[in-house]
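S.K.: Here the protein sequences come in this chain order: A and B. Numbering-wise (this note's numbering), the first sequence opens with residue 1 and increments by one. Numbering-wise (this note's numbering), the second sequence opens with residue 1 and increments by one.
Hints listed in this document are in silico derivations from the structure and should not be mistaken for laboratory results. There may be inaccurate statements among the hints.
Straight-line distance between alpha carbons at most 25 Å, and here's what the computed BS3-like set of lysine-lysine pairs gives [said to hold, decoys possible]:
hint	chain 1	residue 1	chain 2	residue 2
1	A	Lys16	A	Lys45
2	A	Lys2	A	Lys30
3	A	Lys90	A	Lys16
4	A	Lys16	B	Lys45
5	B	Lys307	A	Lys16
6	B	Lys95	B	Lys45
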Amino acid sequence: MKVPLARLAHTRSGDKGDRVNIGVIAWQRKHYPVLVREVTAARVKAHFGSLVQGQVERFELPNLGALNFLLHRALDGGGTVSLRTDAQGKTFAAGLLSLEVEVDDREFAD
Amino acid sequence: MIRIANGQGFWGDWLEAPVRLVEQGPLDYLTLDYLAEVTMSILQKQRQSDPALGYARDFPPLIGRIANTVLERNVCVIANAGGVNPVACARAVRKLAPDLKTAVVLGDDILERLDAFIEAGYPMQDIDTGQPLADVRDRVLSANAYIGAFALAEALATGAQVVIAGRSSDAALALAPMIYRYGWEETDWDRLAAGVVAGHIIECGPQATGGNSQVDWQHIPDLDEIGYPIVEMEADGTFCVAKHPNTGGCINSAVIKEQLLYEIGDPREYLTPDCVADFTSFRIEDAGPDRVRITGVRGGPPPEHLKVSISVAAGWKAVGTLVFTWPQAIEKARAADAIVRKRLDRLGLSFDQIYTELFGVNACHGPAAPLVDNPPEVQLRIGVRGQDRAAVERFTRELVPLILSGPPGATGYGEGRPVVREVVAYRSALVPRHEIRTRVEVIE
């Protein structure tokens, strides 16, 4: 079944220059492998479409049950240059929560 | 164990927070992080207009307010409030708190040395684009090297109770007292890395205690009196994150994980002037109510170069808005946007960027936003950016006329014409570590 990422993980985002990073943290450790399998750099880039002009990198933090995404050229030039409402990428975290993630019922059972 | 708190996550953070930190429970060191990227260029301009300015002006009155308490309780204050003028900042502090011994750390401001650096063969390219600094040299507004914790520890060793730095690395504010009190050496990389991780957790203040947190946010108690974070650091580099009893907010491992992942790149290589910290190395566990423990942090030697933050004048920008309502609010806003763009085009004005958002529809999440059908109202938000100030000024005249000549029912223009602002761009570059020599001065 498909569930929104919000059911499996919580997120926080911030900026560095023209880059946004999004930390994605599994609510339960057992769901970390699902994140690793489902939440790929390519899917994150596709999710944000035209907001992200550059590539998306992904890093794994198994000790925290978390992934970190680095979205390049994602802020219309960077916090002080950008013309956007969210010039520092604070809401990318919430924006990612609607990403649809495929899980089988067994993985999702408590 | 030593207790180190952070009472300001940025310049503009809650004024009461540092006062409450020193009054509401035990504390050894109060750190205050005032400097964001944008701050340095603003401060550099202030110093150019008045040589007695160029520092975080919130800081001296704060020290005046807490002077008696920190004296009584023997709390040391460490802040990067100095901006581009730490000595002037220290003098202002001394006026308001003459009983507090105050030291400054100098040497981060390299604006006056840039030409010599370029001449010496350091191209100082933009880390992201590779563009040499020489290409934009005439537009540089500020340049500061990120200095590390050992210089700040040296300032603490003078016996100063207030230590004022300029552009130190954020985590250095918290790491400095650990180095000073525990005698950590420059090659104690695991312990230094532990201090960096601790400093990273508290550098954004209440983002480590339940602020801006998705962790059951509706039930995080008393955000109106949120406690700011305190690191309880042991000599071996293990530490807890806690807050004063009977304060609002909450600390648990989920909340701390969010902050650990805030504004980081490659987690295996979190670079600082003092060490490289590995954010994949350690263990995190809940250690009681509002208390999280971190153990096993691993680190490595710091890079050969120090990072330099350089601000560059980059043209002008303005953002204007109009509001349209149901029915067909989205269609009206899109039609108005098209009219503005056609008129700008017909005027022959060119911009580096024209950016349109429909606030209430897609402003923050763009294509990732859920679809909205026929909303009651939408704010059209158009921004332009370019090198020609006159073109940006002309843009600011093009929105309000749509009240009479655009789609029906435009409103929300009460603020008048948009304001033209200078654009300051930021770039990072590298300089060899040996070129940055810090020094400490006690200010009488």
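S.K.: Identify every previously stated hint that the structure contradicts and give their numbers, smallest first.
M.R.: Failing hints: none at all.
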